[in-house]
Amino acid sequence: MVQRKDDDVTPSSKPGFDLTTPSHEEYERLEAGLDEEERRVLLDSGTEPAFCGLLLEEERDGTYCCRLCGLPLFTAWSKFDSGTGWPSFAVPFDEDHLLELRDGRDGMMRVEVICGRCGAHQGHVFPDGPPPTGLRYCINSVSLEFAPAGEPLPDRLGRGAPEGLALGS
Numbered sequence: 004m005v006q007r008k009d010d011d012v013t014p015s016s017k018p019g020f021d022l023t024t025p026s027h028e029e030y031e032r033l034e035a036g037l038d039e040e041e042r043r044v045l046l047d048s049g050t051e052p053a054f055c056g057l058l059l060e061e062e063r064d065g066t067y068c069c070r071l072c073g074l075p076l077f078t079a080w081s082k083f084d085s086g087t088g089w090p091s092f093a094v095p096f097d098e099d100h101l102l103e104l105r106d107g108r109d110g111m112m113r114v115e116v117i118c119g120r121c122g123a124h125q126g127h128v129f130p131d132g133p134p135p136t137g138l139r140y141c142i143n144s145v146s147l148e149f150a151p152a153g154e155p156l157p158d159r160l161g162r163g164a165p166e167g168l169a170l171g172s
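FYI, in my numbering the residues of the sequence shown are 4 to 172.
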């Protein structure tokens, strides 16, 4: 679970999404909705096998959200085929929607990316992506939920989307 600095103001991203860490009760409720593979990847920083994630071939317009809490993490326009076997994105939805951690597991130094609200493991970011960022966010399909353009985003915490925000168009 991510812990942000407490102050008198509810933390929010530039687009207006509430980034307040879920309460213990909310977190338990979110965890209860996960299957075994989702738990292994999201909660235990696992990795799904390459080339078998359900979102690898997704080509519709829309938004990719955190499977655990529903926070938007990427849009379809930033997705690209990296040939690695996992969905890859060049730009996050908002820089505050992802947090980066040093990851020295498995004998290599990498940068892990987690949801900026709930702390769920998403994947890793590498400096070998396309312009304009040169970054490749290599993300587990099981860590994401896809919301097609024109459909509501998942709202597992009941916080709603910011007013007037048009997504996936």
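One thing to keep in mind: the hints can contain errors.
[What the hints assert, rightly or not] In the EDC-like style, the derived pairs of lysine to aspartate or glutamate whose C-alpha atoms are separated by at most 16 Å in a straight line are: (1) Lys17 <-> Glu98; (2) Lys17 <-> Asp106; (3) Lys17 <-> Asp99.
[What the hints assert, rightly or not] What follows is a list of derived Cβ distance ranges for each label pair: (4) Cys55 <-> Met112: 31 to 39 Å; (5) Pro155 <-> Trp80: 27 to 35 Å; (6) Ala53 <-> Ser26: 34 to 42 Å; (7) Glu28 <-> Glu62: 23 to 31 Å; (8) Ala152 <-> Phe129: 24 to 32 Å.
Rather than coming from a laboratory, the hints here were simulated on the basis of the structure. All residues carry an ideal CB built from backbone N, CA and C; glycine is no exception.
Hints the structure fails to honour:
2, 4, 5, 7
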